[in-house]
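Enquirer: Chain residues, written in single-letter form:
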Amino acid sequence: MELRIDRVSKKYKSGKEAVKNVSCSFTNGVYGLLGPNGAGKSTLMNMITRNIKPTGGEISLDGTEIGGLGAKYRGLLGYMPQQQELYTEFTGDRFLWYMASLKGLDKKNAASEVDRVLDIVGLKSERHKKIKTYSGGMKQRILLAQALIGEPKILILDEPTAGLDPKERVRLRNHLSDISKGKIIIIATHVVSDIEYISNEVIIMRDGEFIRKNPPALLLKEMKHKVFEVTVNSEQKKIYEEDNYKIVASTLTSDGNVMRIVSDEPPGHGDIREVPPCLEDLYLYLE
Amino acid sequence: MKLFKYEAYKLLYSRLYIIISVILLAGNIVWLWNYEKKSDEYFYYYENRELYREYQRGGLPAESSSYYESEEKKQEDYVRQYRLFIDDLKVRAERMSGTGIFSSENGFPNRNIQKTLVDYEPVFNLEIKAINTHAIDRFADYETGVYFLLIFTVICTWFVMYSERKSGLIGFICTTENGRFPLAVSKYMAVLLSSTIFTLILSCSELLFVFYIYGIPDLLAPVQSSMIFRGCPYLMSFLKALLLSLLVRLCLTAVVSSAVFALGVMLNDEALYALLSGGIFVILRICYGVIPINSQLGILRCITPFYVWNIKESIGEYYNLNLFGVPVSKNLISPVCGMVVLVLAITISIAAFCRKNLCRRDSFLERLMIVLRTKAGNRTRYTGLVKYEIYKSLFQQKKILLIMALVGMSVIRCGDSLKEERYTELKEAAYHFYMNKAEGKITLYNIELIEEARRELYDSAKEIALMFESEDPNEVFLAGIMMENNNVYSDGVRMVEEQLEKVERLPQDKYPRYLVDGKAYEGLWGTPRRVIFYSLIHIICGVILVSGLYPVDICMSNIVSATLNGAGQLRKAKACCAILYGAFVYIAFSVPEVIALYRVDSFKCLPARLEDFVTVPYKPVITVWMVVGMVALTRMILYFGLIYLGLLISKIIKKEMVSICIVLGGIILSALFFYYLSFDINRFVLSLFRM
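Going down the list, the sequences are from chains A and B.
Numbering of the first sequence is given in this note's numbering, commencing with residue 1 and proceeding in unit increments.
Numbering of the second sequence is given in this note's numbering, commencing with residue 1 and proceeding in unit increments.
Heads up, a few of these hints could be off.
Only part of the chain A face toward chain B is listed, based on derived beta-carbon distances under 8 Å [stated by the list, open to error]:
hint: 1; residue: Cys-24
hint: 2; residue: Thr-91
hint: 3; residue: Leu-105
hint: 4; residue: Glu-196
hint: 5; residue: Tyr-197
Here are the in silico distance ranges between beta carbons for each label pair [what the hints assert, rightly or not]:
hint: 6; chain 1: A; residue 1: Asn-109; chain 2: B; residue 2: Gly-168; range: 34 to 42 Å
hint: 7; chain 1: B; residue 1: Ser-295; chain 2: A; residue 2: Lys-124; range: 56 to 64 Å
hint: 8; chain 1: B; residue 1: Leu-344; chain 2: A; residue 2: Lys-124; range: 43 to 51 Å
hint: 9; chain 1: B; residue 1: Ser-167; chain 2: A; residue 2: Thr-64; range: 41 to 49 Å
hint: 10; chain 1: A; residue 1: Asn-37; chain 2: B; residue 2: Leu-344; range: 31 to 39 Å
hint: 11; chain 1: B; residue 1: Ala-8; chain 2: A; residue 2: Tyr-12; range: 34 to 42 Å
hint: 12; chain 1: B; residue 1: Lys-356; chain 2: A; residue 2: Asn-37; range: 53 to 61 Å
hint: 13; chain 1: B; residue 1: Leu-276; chain 2: A; residue 2: Asn-109; range: 41 to 49 Å
hint: 14; chain 1: A; residue 1: Tyr-12; chain 2: B; residue 2: Leu-276; range: 51 to 59 Å
hint: 15; chain 1: B; residue 1: Val-22; chain 2: A; residue 2: Tyr-12; range: 22 to 30 Å
hint: 16; chain 1: A; residue 1: Ile-272; chain 2: B; residue 2: Lys-356; range: 40 to 48 Å
hint: 17; chain 1: B; residue 1: Ile-18; chain 2: A; residue 2: Lys-124; range: 55 to 63 Å
hint: 18; chain 1: B; residue 1: Val-658; chain 2: A; residue 2: Asn-109; range: 35 to 43 Å
Chain A stretches covered by chain B per the calculated footprint, using a threshold of three residues with CB under 8 Å from any CB of chain B [claimed, not checked]:
hint: 19; stretch: 10-22
hint: 20; stretch: 169-180
hint: 21; stretch: 225-236
Hints in this document: simulated from the structure, not taken from any laboratory.
Predicted, not measured: the structure shown is a model, and the values here were computed from it.
Just so you know, even glycine gets a beta-carbon here, dropped at the ideal spot from N, CA and C.
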C-alpha cells in the first residue's frame with residue numbers, strides 16, 4: 001500500500017497558502033509530521049482524509065486518486081483530528097458505537113471493537129459516563145479510540161498525545177508501534193518525543209513546506225557536533241541570550257547555569273561539552 | 001456591582017436560558033388561553049363578541065340575548081346582596097356578642113367578631129356598581145402562573161449555580177479575591193432580579209391578555225364590585241387591587257427565589273437539587289389543596305406560594321387565624337412568614353457559598369444511570385444510523401423538549417375537540433340536538449325520526465294549550481316556560497325538515513343522499529385562521545426539528561466525513577430522520593382534526609355529497625371524504641415539502657439558527673398573507689371543486 005502526495009498545495013480564499021507544493025510517499029510504517037503551530041500539518045492531514053480538497057497536485061492510493069476511491073478509501077481511514085468538541089450528551093460507549101456504525105461495522109463486530117479500543121485507551125471503567133463529564137485527557141483518549149475502531153489501514157493522528165499524562169503517552173506510543181505493521185500511521189505533532197522513538201521517517205514542516213524528510217537516525221546525523229552543553233555564570237548566560245544562540249534548555253544548578261545550545265560552531269564562553277543530539281535539537285535548529 | 005453585571009451578562013448571553021424563559025412566558029399565556037377557552041365568558045364575550053356588541057346595542061332577538069341578560073341580572077342581584085351582606089355582618093356581630101362561646105371577652109370568638117367589625121368598617125358605607133368585571137374575574141381565577149414562576153426560579157438558579165459547577169469553573173472562581181462573599185451576593189442578585197423581571201412580565205402579560213379578550217373594566221370602581229372580592233375588607237379600587245397583587249407577587253418571588261437559591265448553593269448534586277425543590281413545591285401544593293383555611297392548620301395553607309399568588313384568596317377572602325387566642329389576619333401572617341424565610345434563605349445561601357466546597361458532584365441520577373447502562377450492556381446498543389440521528393437530535397440538541405411541547409399541544413387540542421359544545425342561539429342548539437339523532441344516509445328511519453319529533457312537539461303544544469286554560473296560576477306560569485321551550489325545539493326541527501326537503505328536491509341518482517349537520521361542518525371548515533395558526537405552529541416546530549440535523553455534526557464533521565458511511569449513508573439517515581419528524585408533526589396536527597371530524601357525525605356522513613348540505617354549487621360527485629382526503633393530502637405535501645426545505649437549507653448553510661430564520665421568515669410571511677385573506681387549505685381544496 002502506497003499513499004502518495006504529489007505536488008500538493010492548498011491556498012485558501014483569504015490568499016493564505018497553507019501547504020505549498022509538497023510531495024512525499026507513505027508506505028507501511030509510522031511517520032512523524034513535525035512542525036510548529038500554523039506550519040500546515042492539520043491542513044495536510046485534512047487533505048489526506050479528503051475533508052478539504054487540495055487546490056493543486058494530487059493525493060493517490062496505490063496509483064488511484066483518493067477522490068475517485070470514495071467510500072472505499074474512507075473505509076481504510078482512521079482519523080483523529082485536533083479537537084475537543086464531541087457529542088456531549090453521548091456516553092463514551094454510545095459515541096464509539098456510533099462511530100462503529102459510521103465505519104460500517106455490524107453489531108457483533110462493533111461490540112468487540114468498542115471493547116478492544118476502550119481497553120487500549122484505558123477508558124473501560126468510564127465508558128458509561130457522559131462525554132460532558134470527561135476531562136480533557138479522557139476526551140482525547142475517546143477521540144483516539146474512535147480512530148482505532150475497525151483497525152484502519154491508514155491511521156491519521158493529529159496531536160494524539162495532547163492532554164495525556166506521561167504514562168498514557170508512553171502507552172500510546174508503544175501501542176502505535178505495535179500495530180504499525182501493515183498500516184500507514186501518520187502522526188502530526190509538535191511534541192518531538194511522541195515520534196522520536198517510533199517513527200520510521202520524520203517530516204519537518206514549516207510555512208507549508210517540507211523542510212526535512214528522513215529517518216530519525218539520518219536527521220540526527222545532521223546534528224552531529226552541533227549540540228553543546230555549557231555551564232555558565234549569569235553574565236555569560238546574558239551574553240548567550242544577547243547573541244541569539246538557540247538555547248534548547250537552561251537549568252540553574254549549584255555550579256551555575258547549565259544550558260543546552262544548538263550551534264554550527266562551538267560556543268565560546270563557559271565550560272563547554274559536546275553532547276549527543278536528539279530530534280528536539282534539530283527541530284529547534286531548523287526554526 | 002461589576003460582578004453582578006457579569007452574572008447578568010452570563011444569563012443574558014445564554015441562548016438556552018433565554019429560550020427557556022421565553023418558552024415559559026409564552027407557555028403561560030398559551031395555558032391561560034386554553035383555560036379561558038373552556039369558560040363561558042370566553043365563548044360569549046370573545047368568540048361571539050359581535051353578538052355581544054349587538055346585544056349591547058339592543059339589536060338581538062329575545063332568545064339570543066338570554067345569556068347576556070341573565071349575566072346582567074346576576075350582577076344586579078349581587079349588588080343588592082352585597083349591601084345585605086354588609087348590613088347583616090353588623091347585625092350578626094351584635095346578636096352573637098355576649099351569647100354562648102362569644103360571651104367571654106378574652107376568648108378568640110369574641111375577639112374575632114370585634115376584629116372583623118373593625119376590619120370591615122371602611123366598607124360599611126361602600127356603594128358598589130353592577131359593571132362588567134370579567135377581565136378581573138378571569139385574571140383572579142387563573143392561578144397556574146405560579147407554577148411557571150416556580151419552574152423558572154429552579155431553572156434560573158440552575159443556570160447561575162450549576163452551569164459553572166458543570167464546566168468546572170466554580171473551582172477556580174472561588175479561589176479569587178472576590179470569589180466568595182461578593183460573588184455570592186452577585187449571584188443571588190442575578191437570581192432575584194431575573195425572577196422579579198419574570199414575574200413582572202408574566203403577570204403583566206396575563207393582565208394584558210384578559211384585557212384584550214374581555215375588555216378593560218372600570219378600574220376605579222371598588223374591588224367589591226366583583227363577586228369574587230365580596231369578602232375583601234379593604235377599601236380599594238380594581239386598579240389598586242391589581243397593583244397590590246403585583247406587589248404581593250413580587251414579594252413572593254423574592255421569597256421563593258431566595259429559598260431556591262439557598263438550595264442551589266447547598267446542594268452540589270443537581271438532580272438532588274431539582275428533586276428536592278420539586279418535592280418541596282409538591283408538599284406546599286398538597287398543603288394548599290388539602291388544608292382548609294378555617295382548620296387548625298390553616299396557617300400552613302395561607303403561607304404557601306399558591307395561596308399568596310392567588311389574589312382571589314389573598315385579597316378577596318377574609319379570615320383571621322387563631323394565634324394563642326388572638327385573632328390575626330392571614331394577610332399579616334403570610335408576609336411575616338415570608339420575611340422569616342427570606343432572611344433565613346439569604347443568610348444560609350451566602351454563608352454556604354462562603355464556606356462550602358461548591359464543586360460539582362456526579363448526580364445520583366447520573367450514578368444510577370451508569371449502573372443501569374452497565375447492567376444493560378450491549379443489549380441496548382444498535383448500529384442503525386437513523387436511530388443515532390434521532391438520538392443526537394433529541395438529546396444532544398434537546399429537541400425532545402419540542403417534541404414534548406408538540407405532544408402537549410396535541411393533547412390540549414384533542415381536549416378542545418372533545419369539549420362541550422356551546423351555541424349562541426337556542427334554535428341552533430335544538431337543530432344540533434335533532435341532527436345528532438337523524439344525520440346519516442336518508443332512509444325511512446331518519447325520516448320517521450323527524451316526523452316523530454314533530455308529532456311529539458305537536459302533542460306537547462296541545463298539552464300546553466290545555467295548561468293555559470287552567471285556573472291554577474302556577475300551571476299557567478309553567479305552561480309559559482314549556483311553550484318557550486317547545487318553540488325553540490320546533491325551530492330546530494323546522495331547520496332539519498327544511499334541510500331534508502332541500503336534499504329531497506335534488507336530482508336523485510344511484511348514489512344515496514345524506515342528512516348532514518351542515519352547521520357543524522361549517523364550524524369545522526369555516527375557521528381558516530385557527531387552522532392557519534396551528535399549521536404555522538406545527539410547521540415551525542417541524543422546521544426547528546430538522547434544521548439541527550446537519551449542524552449537529554459541525555463539531556464532528558472532520559471525523560464523521562472521514563468514515564465509510566460518513567457521506568451517502570449518513571445523508572440518507574438524516575433524510576429518513578427528517579421524514580420521521582415530518583410524519584410526527586403531521587400526526588400531531590392531524591389527530592385533533594380527526595377527532596373533531598369524528599365528533600361531528602362519527603364519520604357517518606363521509607360519503608355524503610357537498611351539495612347535500614352546502615348551498616354553494618360544487619361538482620355533484622364531490623363527497624365529504626374526497627374533501628377530507630384532498631385536504632389531508634395537500635397538507636401532507638405542504639408539511640413534508642416545507643420541512644424538507646428546512647433540511648436542505650440547513651444542509652447548505654450548516655448553521656441552525658440562520659437556516660431556521662430563513663425558512664421561517666418565508667413561511668411566516670406567507671402564513672400572514674393567507675391569515676389576512678382567511679384562506680386555508682380547506683378553502684383551497686373546496687375552491688378546486690366549485691363548479
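Enquirer: Any hints this thing doesn't respect? Which numbers, in order?
Expert: 1, 4, 5, 10, 12, 15, 16, 17, 19, 20, 21
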